[in-house]
Amino acid sequence: AQSVTQLGSHVSVSEGALVLLRCNYSSSVPPYLFWYVQYPNQGLQLLLKYTSAATLVKGINGFEAEFKKSETSFHLTKPSAHMSDAAEYFCAVRRAGTALIFGKGTTLSVSS
Amino acid sequence: DTAVSQTPKYLVTQMGNDKSIKCEQNLGHDTMYWYKQDSKKFLKIMFSYNNKELIINETVPNRFSPKSPDKAHLNLHINSLELGDSAVYFCASSQDRQSYGYTFGSGTRLTVV
Chain A
1 AQSVTQLGSH VSVSEGALVL LRCNYSSSVP PYLFWYVQYP NQGLQLLLKY
51 TSAATLVKGI NGFEAEFKKS ETSFHLTKPS AHMSDAAEYF CAVRRAGTAL
101 IFGKGTTLSV SS
Chain B
1 DTAVSQTPKY LVTQMGNDKS IKCEQNLGHD TMYWYKQDSK KFLKIMFSYN
51 NKELIINETV PNRFSPKSPD KAHLNLHINS LELGDSAVYF CASSQDRQSY
101 GYTFGSGTRL TVV
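Read top to bottom, the protein sequences are chains A and B. For the first sequence, the positions run 1 to 112 when this note's numbering is used. For the second sequence, the positions run 1 to 113 when this note's numbering is used.
Worth flagging that the hints you see were computed from the coordinates, not collected in a lab. Model, not experiment: these values are computed from the prediction. Hints are supplied without guarantee of correctness; some may be wrong.
Under the rule of at most 25 angstroms between Cα atoms (straight-line distance), these lysine to any residue pairs were calculated in the SDA-like manner [claimed, not checked]:
(1) A:Lys-49 <-> B:Gln-95
(2) A:Lys-58 <-> B:Tyr-100
(3) A:Lys-49 <-> B:Asp-96
(4) B:Lys-41 <-> A:Phe-63
(5) A:Lys-104 <-> B:Thr-59
(6) B:Lys-36 <-> B:Lys-52
(7) B:Lys-44 <-> A:Asn-24
(8) A:Lys-49 <-> A:Ser-109
(9) A:Lys-49 <-> B:Phe-42
(10) A:Lys-49 <-> B:Ala-3
(11) B:Lys-9 <-> B:Glu-24
(12) B:Lys-36 <-> A:Gln-2
Here are the in silico distance ranges between beta carbons for each label pair [claimed, not checked]:
(13) B:Pro-69 <-> A:Ser-12: 44 to 52 angstroms
(14) B:Gly-84 <-> A:Thr-98: 23 to 31 angstroms
(15) B:Leu-83 <-> A:Gln-45: 39 to 47 angstroms
(16) B:Ser-5 <-> A:Leu-56: 34 to 42 angstroms
(17) A:Ser-112 <-> B:Thr-2: 43 to 51 angstroms
(18) A:Lys-58 <-> B:Pro-8: 35 to 43 angstroms
(19) A:Tyr-39 <-> B:Gly-84: 37 to 45 angstroms
(20) B:Arg-109 <-> A:Lys-68: 14 to 22 angstroms
(21) A:Ala-54 <-> B:Tyr-10: 39 to 47 angstroms
(22) B:Thr-13 <-> A:Ser-14: 38 to 46 angstroms
(23) B:Gln-95 <-> A:Lys-58: 39 to 47 angstroms
(24) B:Arg-63 <-> A:Leu-18: 43 to 51 angstroms
(25) B:Gln-95 <-> A:Leu-18: 28 to 36 angstroms
(26) A:Ile-60 <-> B:Gln-95: 16 to 24 angstroms
From the derived model, a few chain A residues whose C-beta atoms are all more than 12 angstroms from chain B [what the hints assert, rightly or not]:
(27) Ser-14
(28) Gln-38
(29) Thr-51
(30) Leu-56
(31) Glu-71
(32) His-82
(33) Ser-112
Ideal placement from N, C-alpha and C gives every residue a C-beta, glycine not left out.
Working from the sequences, and respecting the hints, build out all of it.
Right under this line is the structure:
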């Protein structure tokens, strides 16, 4: 069964520092992969998605992710963190023909 | 206009009660979903409907019953509420069952006391 594993339930960075949130997937076939963000008391918002086109995917708010088949990874990065990036981030994989399966989430804290 | 709207936003109720959560989308999407987010923020798919037809029914107690009167609405009825049902329930929709992008509602926080 397809699934994703997010490494690190909590990541803390300083404002202006690099953000790196890790996600590994398990799949027997190239998957469709996603990153979603959830701000406090809100629903989920799509940051970016990989659908077997370019391996480097650019998303909203300056985030990007790189699909690496050899490492079965889809890590999310942002060169310079902003206070407003503090939120919960979810990696997700789409099971063929059905629904999104989410990782357990990573809480990103940004300090000034 | 809110794309996916859920009502109510907060729901506090006693054990044993029956309650419903409503979801409506104005995006013209064919597929709708219910997810449960537990206290550890883990999101799990519960149900999915495509054009009023149930297509996903995960391992969920049969006290939970989804209903889709039309493709713009997907309601969730819960019977005999238990403490463990306390969670945030999210409704989502997508263009169709193959679409990549989901649009989520803002959630319904259910607290069972």
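Verification of the supplied hints:
{"no.": "1", "hint": "A:Lys-49 <-> B:Gln-95", "verdict": "holds, 16 angstroms"}
{"no.": "2", "hint": "A:Lys-58 <-> B:Tyr-100", "verdict": "holds, 16 angstroms"}
{"no.": "3", "hint": "A:Lys-49 <-> B:Asp-96", "verdict": "holds, 17 angstroms"}
{"no.": "4", "hint": "B:Lys-41 <-> A:Phe-63", "verdict": "holds, 22 angstroms"}
{"no.": "5", "hint": "A:Lys-104 <-> B:Thr-59", "verdict": "holds, 18 angstroms"}
{"no.": "6", "hint": "B:Lys-36 <-> B:Lys-52", "verdict": "holds, 20 angstroms"}
{"no.": "7", "hint": "B:Lys-44 <-> A:Asn-24", "verdict": "holds, 18 angstroms"}
{"no.": "8", "hint": "A:Lys-49 <-> A:Ser-109", "verdict": "holds, 23 angstroms"}
{"no.": "9", "hint": "A:Lys-49 <-> B:Phe-42", "verdict": "holds, 20 angstroms"}
{"no.": "10", "hint": "A:Lys-49 <-> B:Ala-3", "verdict": "holds, 20 angstroms"}
{"no.": "11", "hint": "B:Lys-9 <-> B:Glu-24", "verdict": "holds, 13 angstroms"}
{"no.": "12", "hint": "B:Lys-36 <-> A:Gln-2", "verdict": "holds, 19 angstroms"}
{"no.": "13", "hint": "B:Pro-69 <-> A:Ser-12: 44 to 52 angstroms", "verdict": "holds, 46 angstroms"}
{"no.": "14", "hint": "B:Gly-84 <-> A:Thr-98: 23 to 31 angstroms", "verdict": "holds, 25 angstroms"}
{"no.": "15", "hint": "B:Leu-83 <-> A:Gln-45: 39 to 47 angstroms", "verdict": "violated, 30 angstroms"}
{"no.": "16", "hint": "B:Ser-5 <-> A:Leu-56: 34 to 42 angstroms", "verdict": "holds, 35 angstroms"}
{"no.": "17", "hint": "A:Ser-112 <-> B:Thr-2: 43 to 51 angstroms", "verdict": "violated, 33 angstroms"}
{"no.": "18", "hint": "A:Lys-58 <-> B:Pro-8: 35 to 43 angstroms", "verdict": "holds, 37 angstroms"}
{"no.": "19", "hint": "A:Tyr-39 <-> B:Gly-84: 37 to 45 angstroms", "verdict": "violated, 26 angstroms"}
{"no.": "20", "hint": "B:Arg-109 <-> A:Lys-68: 14 to 22 angstroms", "verdict": "violated, 37 angstroms"}
{"no.": "21", "hint": "A:Ala-54 <-> B:Tyr-10: 39 to 47 angstroms", "verdict": "holds, 42 angstroms"}
{"no.": "22", "hint": "B:Thr-13 <-> A:Ser-14: 38 to 46 angstroms", "verdict": "holds, 43 angstroms"}
{"no.": "23", "hint": "B:Gln-95 <-> A:Lys-58: 39 to 47 angstroms", "verdict": "violated, 22 angstroms"}
{"no.": "24", "hint": "B:Arg-63 <-> A:Leu-18: 43 to 51 angstroms", "verdict": "holds, 46 angstroms"}
{"no.": "25", "hint": "B:Gln-95 <-> A:Leu-18: 28 to 36 angstroms", "verdict": "holds, 35 angstroms"}
{"no.": "26", "hint": "A:Ile-60 <-> B:Gln-95: 16 to 24 angstroms", "verdict": "holds, 19 angstroms"}
{"no.": "27", "hint": "Ser-14", "verdict": "holds, 24 angstroms"}
{"no.": "28", "hint": "Gln-38", "verdict": "violated, 8 angstroms"}
{"no.": "29", "hint": "Thr-51", "verdict": "violated, 6 angstroms"}
{"no.": "30", "hint": "Leu-56", "verdict": "holds, 17 angstroms"}
{"no.": "31", "hint": "Glu-71", "verdict": "holds, 22 angstroms"}
{"no.": "32", "hint": "His-82", "verdict": "holds, 22 angstroms"}
{"no.": "33", "hint": "Ser-112", "verdict": "holds, 25 angstroms"}
This entry does not satisfy hints 15, 17, 19, 20, 23, 28 and 29, going by the numbered hints stated previously.
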